[in-house]
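Peer 1: The residues making up each chain are set out below.
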Amino acid sequence: MALMAEAIAARERAADPVLAIERVHKRFTVSGGEVEALRDVNLEIGRGEFLCLIGASGCGKSTLLRLIGGFEQPSEGRILMNGKEVRGPGSERGMVFQDYGLFPWLSVRRNIEFGPAARGLPRDLVRAAGERFIAMIGLARFADAYPHELSGGMKQRVSIARVLANDAAIVLMDEPFGALDAMTRERLQLELLTLWQGTRLTVLFVTHAIEEAILLADRIVVMSPNPGRIAEIVPVTLPRPRDVASPAFNALRRELALMLHGREAGAAQTAIG
Amino acid sequence: MGARAQMPPGPVAFVLPVLLLGLWWALTRNHPDGLIPQPGQIASEFVDLAGLAGNNDSFSGTLWLNLLASAERVYGGFLLSASLALPLGLLIGQLPLFRRMLDSTLQVLRPVPVTAWQPLFLILFGLGSHTALLLVTLGCFYPILLNTILGVRSVEPRLLEAAAMLGVSRSAMFPKVVLPSALPGIVTGLRLGLGFAWVVIVVGEISGVRTGLGAMITDAREVSRTDVVIAGMVTIGAIGFLSDRAVQLASRRVLRWSPRHGADG
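Residue numbers (our numbering), protein chains in the order written: chain A, 1 to 273; chain B, 1001 to 1265.
No lab work stands behind these hints, which were simulated from the structure alone. The beta-carbon is built from N, C-alpha and C at its ideal position, and this holds for glycine as well. Just to be clear, a hint being listed does not mean it is correct.
Partner residues are not named here, just some residues of chain B that face chain A (Cβ under 10 Å, in silico) [said to hold, decoys possible]: (1) Ala1172; (2) Pro1180; (3) Val1247; (4) Trp1257.
Make a model of the complete structure from these sequences and hints.
Peer 2: Here it is in structure tokens:
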């Protein structure tokens, strides 16, 4: 029954798209020619959905995230956020970087308040947002510390709180836990799920770790390289909270590993041939 | 990583000065009237320069006036230099047009030492204290300018992206991200500039002025008062050191966030 309920909830989330990627191509000019980073990517992300992008390096997953973030423009096609075309970075699309991107000259509090303050919110609202999200990530004791005084896990918490405090409708996460040790990573994964379940947040999460994707996602978008494209979209219907040791989890892990590594092996064959 | 930097220098810092002083004393001990005066003679000359002994030679009690005159030119020149180099550095660092327009000119002028400018400055600005001040201005200019440019240009692109996605507009990027990012570079430039100012002041006061530590050293040399020359050197060293410490302490507050600067400046 739980399985059914989860599947239905996930389907409902997917049915109300907040972000639509339509026929997006991306080519980069490099010395010696042009590289096709993305070919004909089509994807809809539902409101409240947790979507993972997974693939080997060079499959264009980070490029896709940067296009959605507005840091780069598609060569062809378009990206719609709530029906409006994305033309540059914007506060409704919050980005969490693997290397945190915190402002080193600002305290934890000021980093979290940065977005609301930059957008010109009244001082008391800015303060309230700061207080609320400092509490949410459990860093009240470190509110006045500077980023260089924090551990990697703490920095990433601040970086997540920073986009949440700024009312981001969708959070784009580029391998956010990739630089953290295993224990911190697991804790942050669970914290992120708790946050997501408590807030109706939409999350687009890039990773290369299969287990992480299965643990977190409603749907897993499997990408393949040369040129970067969507190979498969795999819905994850396992009930939450998910048990990484369950047979169903393992079966899905095997299935995804085959998709990713089988394809890599295939690509290697072509390259040699 | 900051632990090493945060260690105060402690007693080991005094080992070398004490050794050098001892060596100096040992070498001059048996030559009370040699070309190089003894450490003790320098010390008593200091007392006389400060006006506390009654030697009544032409240098007695002149230390304070000379120190004040030099300090005025050093800080005047430094402030003038900073007020030119900082805005120029920010512009060149931030705007490619300014960079293309000014970079080559500045790079060609940069290797020309202050000593080479001095004759020209004397012709252009005449004998007098403003020539010394302007030479100081020139001496501080490049360290401040180049470090400011470097600071602005080394802003992490990631931080610009982070600010953009948080809603910072293009025009607000400079005050909100670029300027604070560049601050450590700017502070380094100011420190180096002030250090150079104390170097240049002696050159600036060699001719054309009657007061100042440089003038005092020049006068003393002409009458073979090596004790006064050395006392002047020690004064410049000490005052330059203290003025650097002051900048360092001030910058430590501003750069508390920077692991590289918060502790050791």
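Peer 1: Identify every previously stated hint that the structure contradicts and give their numbers, smallest first.
Peer 2: 3
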